[in-house]
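For reference, the chains in residue letters:
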Amino acid sequence: MSNLDYKILIGLEIHVQLCTKSKMFCGCALSFGEAPNSRVCPVCMGMPGVLPVMNKQAYEYAVLTALALNCKIAEFTKWDRKSYYYPDLPKNYQISQYDLPLGSNGFIEIPLESGETKKIRIRRTHLEEDAGKNLHSAGNFSQVDLNRAGTPLLEIVTEPDMNSAAEVRQLAEELQRIVRYLGVSEADMQKGHMRFEPNVNLIITRGGSEFKTPIAEIKNLNSFRALEKSIDYEIHRQLDEFLETGKTMEMGNKTTRGWDDVKEETVLQREKEEAHDYRYFPDPDLVPVEIKEDRLREIAACLCELPLKKQMRYITEYKLTAYDAGVLTAERSTAEFFEQAVAAGGEPKRICNLLAQTGLKLANEKGCTVCELGVTPQNLAELTKMASDGEISASAAATIFEKMAQTAQQPRIIAKELNLIQKSDAGELEAIVAQVVTDNPKAVADAREGGKKCEKAKNFLLGQVMQKTKGRANPKVVSDILALKLS
Amino acid sequence: MKELRDNIAAGKIKSTAATETVFESIKKYEPIVGAYISTFEKSALDKAAEIDTKIASGKKVGALAGVPVAIKDNMCTTFGTTTCASKILENFHSPYNAAVVEKLLAADAVIVGKANMDEFAMGSSTETSALKKTVNPWDTSRVPGGSSGGSAVAVTAEMCFAALGSDTGGSIRLPASFCGVVGLKPTYGRVSRYGLVAYGSSLDQIGPITRTVTDCALMMNVIAGYDPADSTSVDEKIAPVPDYLEKLDEPPGKLKIAVAPRLNAGADKDVQNALADALNVYKKLGAEIIEIDMPHLDYAIAAYYIIATAEASSNLARYDGVHYGHRTANPADYIEVYTKSRAEGFGKEVKRRIMLGTYALSSGYYDAYYLKALKVRNLIRGDFVNAFEKCDCIMMPVAPTTAFKIGEKIDDPLTMYLSDIYTIAVNLAGVPAISIPCGFDRNNLPIGLQIIMPAFSEDKLLRIAKMYESQTDWHKRKSPIISV
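Sequence order for the protein chains is A and B. Numbering-wise (this note's numbering), the first sequence opens with residue 6 and increments by one. Numbering-wise (this note's numbering), the second sequence opens with residue 1050 and increments by one.
Mixed in with the good hints there might be a few duds.
[Unchecked claim] Pair by pair, the computed Cβ-Cβ distance ranges are: (1) A/D104 to B/G1431: 21 to 29 Å; (2) B/T1127 to A/K124: 29 to 37 Å; (3) A/K124 to B/K1421: 37 to 45 Å; (4) B/G1431 to A/Y283: 28 to 36 Å.
Please keep in mind that the hints were generated in silico from the structure rather than gathered at the bench. Every residue gets a Cβ at the ideal spot worked out from N, C-alpha and C, and that includes glycine.
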């Protein structure tokens, strides 16, 4: 297969659960693993006579996300019933959006390993209600848990613009970062908040002709790792299959394959795409949704700078490394804290180091965000200023940060209490340097001589001064005095 | 009923006495007419006693204080069953009350029972009920009309003072007309549908069936209004809910009444004559009669049977044997839970309409049927808009005939569907219409006069109806089973 040229095409169908206060069409709170059928009401159980009422928050979360994905927002949209029979679907139709999705023609920009970015087109985004779950643990019977039924679900469909498993993973991680930034979803793949169904196929060039392999849709992916691995597996499987059978894409030969996390392979679930007729029609129980220009502007105003853009800006504006910028922008709260500290006059690189090395570690230990550590951005800025001015050493800054997180005190007070203020008084230090120079004639001679031994001797002398000051001398000031004495 | 309510509230009549009287009637007539699927003698008497106590202790009571009323068995109640006259819901207990039930209870009404109906409200004669046979009190060999036949019969046979029905294509007006009582289908969106088991969601509307126009106005005072649980109920800021009793006895000034002779010509001679007589009564009261045509009404039945059945096919999908209702015994797999439960649980007419609707929504047919029907619906709406530019109200028969014989049309669905020829367009247009007694045919069977008005003008509609009622005695006649 090595002599074949092929191109990989991957499109995604994504479902993101929105973290609204209540379900899409009733007042039930969203479920987080409670006892089965404890977060239900007549509406989400599909009892006779019930009527849905649209959750406005869900609609606006969906619009906000669609805006972040650069979609065109439909001024007029409606709800449609998608009919199919399945035990986890209590009404045997799902309220969804068919021909007028709330968002369309957008794109998401994803970072590539090369450091460049790539635009993946979004075909449509629409809102719908999630189904319940079928449980198969009761012997001869199956049971249905409707806690999840009616959870607002944002469906995002991309164009087949991804050309590798790595790109799919980048998109998935980027989307996770975006929806978390917007605060519209917890986006935890393991918990099913975010579900990806890749459609994969290949365009193979052989003997001057192009062959398209049948599309496979992969289901049952519960982690970024599974998402990436399953696609890589599927690419090789399709190549092998093509070489063996020569089978190419035809109407109706799309298959559905399930990912087996243990065997790490995709398993055929459905041979032919069933000729499903969902009999969509407008839901007569719901009124169409029209969004006014000014409301749309208000929602758009809630859009923050998106993570990738932020990351790029940090690299150019603050001269941070791509890695550091990535760490700071992984969570919106960290990025915002960073920016507030910068705005308070702190030095970006030092703030970044303190946050990345000390702040995030502490937050992780405490299970909170960096903003919740008790350190204000102003105090952090002050702390980095003290370090920049040489009042404290870099290691002292980390110590003070930790103490600030415990006491919420100002850095200068802590520095004084812990005796971490460096001696910068030239007069005082000059006497000590003079003493060291007198006490170490050999090193002084080496230093003056220049050459190989010079640097080592200088460092030795500096070390002696630091020892005498118990590490609290400003190394810059000491170096300057020493240089003067040696010249 | 209004009088009864005021007497009960004033402590002159006990609600318990009124309720006992109603249950005496039920004992006497129910075996003959079969109006109820379930009755609640004990809870009704308890409630009546509770209201009597409330009144005795000087507490304020609601607009229906102590009045025994009935509801159609497609309105959910936490007490008793809610069957929709179907085997599939025969033992179904609702975990919640319909919005109108809550309103009745809040108005201190005494709910005596749940009335028989066509299965899932699909029918014009109450014959499709899988649970009970209801007959017409004026002639027990005849149908009471449908689908709210039980409600109309319960009112006619004095087995309650008022009842609620639901009207998707004529299901309140037709049985009211066949039974000689008053039935109002309000504007779509005026009364909450929350808890009304859906048939055709864009057409369904709950309304009162009563002995008089005044009682109808009183019922409307209780049930009308916006409900946040029903997105299709109308905001009262856009259409305020008036006190329907307040100006009821004031004639609404000079009236311009429109009739559509081309359409009316299809009705039975006695029905046409009764309509002409009714128009003469209005003329004597100073009304002007004009003639109009509503060309698209010819397509109303066709459009209705696509839209209503399409919605029904989806609304009734939930009765699957999985979550509640009838489940087949020993299914081989989960597919059989669906197929057998539904095959066993639904009656013939319901199956017919589910299949019709499923077909209409199927890919490849949607545009030709459903979409086309929606276009026709818009044209019909337009016919009404145009008509109301020229007149205050439209008057026409409720049905082409009076009550027909039991079994006469049940095996001929198309003929049965034609019973609704005068009522269906009103549902498609979403406007309000009332049926009031306006005479009797050669067989001494009641005839109804239908008055149709623009949306949200129920107050004026009731006043126009009341003008007529105060000039005539038709509503005072009692059916033979009561007179003897």
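21 to 29 Å as the expected CB spacing between B/G1431 and A/D104, which holds or is violated: Since the Cβ atoms of A/D104 and B/G1431 sit about 25 Å apart, the hinted range of 21 to 29 Å holds.
Status of the given 29 to 37 Å range, CB of A/K124 versus CB of B/T1127: Taking Cβ atoms as reference, B/T1127 and A/K124 lie about 56 Å apart, which means the hint is violated.
Beta-carbon spacing of A/K124 to B/K1421 - inside the hinted bounds 37 to 45 Å or not: Holds: the Cβ-Cβ distance is about 42 Å, inside 37 to 45 Å.
Satisfaction of the hinted span 28 to 36 Å by the C-beta atoms belonging to B/G1431 and A/Y283: Because 31 Å falls inside the window, the suggested range holds.
In this structure, only the earlier hint numbered 2 is contradicted, and the remaining ones agree with it.
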